[in-house]
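Peer 1: One-letter residues, chain by chain:
2 protein chains.
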Amino acid sequence: MSKQFDQVSVVKQANKYFDGKCISYNVLFADGSKKSVGVIFPSSLTFNTGAPEVMEILGGVCKIRLAGASEWTTYGAGQSFSIAANSSFDIETVELLDYVCHFG
Amino acid sequence: MSKQFDQVSVVKQANKYFDGKCISYNVLFADGSKKSVGVIFPSSLTFNTGAPEVMEILGGVCKIRLAGASEWTTYGAGQSFSIAANSSFDIETVELLDYVCHFG
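Chain order of the listed sequences is W and V. Position 9 of the first sequence, counting from 1, maps to -1 under my numbering, and the rest follow consecutively. Position 103 of the second sequence, counting from 1, maps to 93 under my numbering, and the rest follow consecutively.
Pulled out of the complex, with its shape left as it was, chain W reads as follows:
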């Protein structure tokens, strides 16, 4: 996996969620698609989706529970999980998590 995105635009100002527990930057591609690169500090959070998302974990470990699920699943570096549009997921982290979020 490439360590970087090439030939992209990056928005200079960060997105801040949950009082700074999640910081991300938007990355815009020539084909009109969008991803974000971000970190999540140790926390228990619930994220809502608009578009469908694929969360790709680059570093750290998280426990994920998708909307409607009772089970938690653990994901670490190199793993991904998908979230449906207009849904949500619970995430627990105990160390800083690096991720890429793929939209659409």
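These are calculated hints, taken from the structure and not from any lab test. Check before you lean on any hint, since a few could be wrong.
Since the list can't tell identical chains apart, any single copy or any two copies may satisfy a pair.
[Said to hold, decoys possible] Here are the simulated SDA-like pairs of lysine to any residue, each with C-alpha atoms no more than 25 Å apart in a straight line:
id, residue 1, residue 2
1, Lys(-7), Asp9
2, Lys53, Gln3
3, Lys24, Phe37
4, Lys(-7), Phe71
5, Lys11, Val51
Bear in mind that the values here come from a model prediction, so they are computed numbers and not experimental data.
Since the structure of chain W is already known, use the hints to place chain V on it.
Peer 2: Relative to chain W, chain V alone:
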């Protein structure tokens, strides 16, 4: 000022400094130059420089004291300050700071 950098590469994994008080992402330009986009959480920190840097504040306010200086200077959104190579600066923030660091 443009809200984004265009035709760049962005490194997917964040730089983490000072136990996560500073998070930044490297942005690489076609001419070989490098910048970083980042945030600093409320804190009092000392940064060391290798290459000379220009710190451009996009959001928030900080107090800066350059190496060897006795006075603090306040910088806010739209302002910049320069740091010499192989030097340092103290920075105090009481709210989340958004910045771009220009190297070289």
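Peer 1: So, for every hint listed, does it hold in this structure?
Peer 2: Cross-check of the supplied hints:
1. Lys(-7) x Asp9: Between. Shortest inter-copy distance 22 Å satisfies the 25 Å Cα cut-off; intra-copy 28 Å does not.
2. Lys53 x Gln3: Answer is between: at 20 Å across copies they meet the 25 Å cutoff, but 28 Å inside does not.
3. Lys24 x Phe37: Cα proximity of Lys24 and Phe37: one copy only (18 Å, versus 32 Å across).
4. Lys(-7) x Phe71: within (19 Å within a copy, 30 Å between copies)
5. Lys11 x Val51: The answer is both: 15 Å in one copy and 20 Å across copies each meet 25 Å.
The structure fails none of the hints (numbered hints given earlier).
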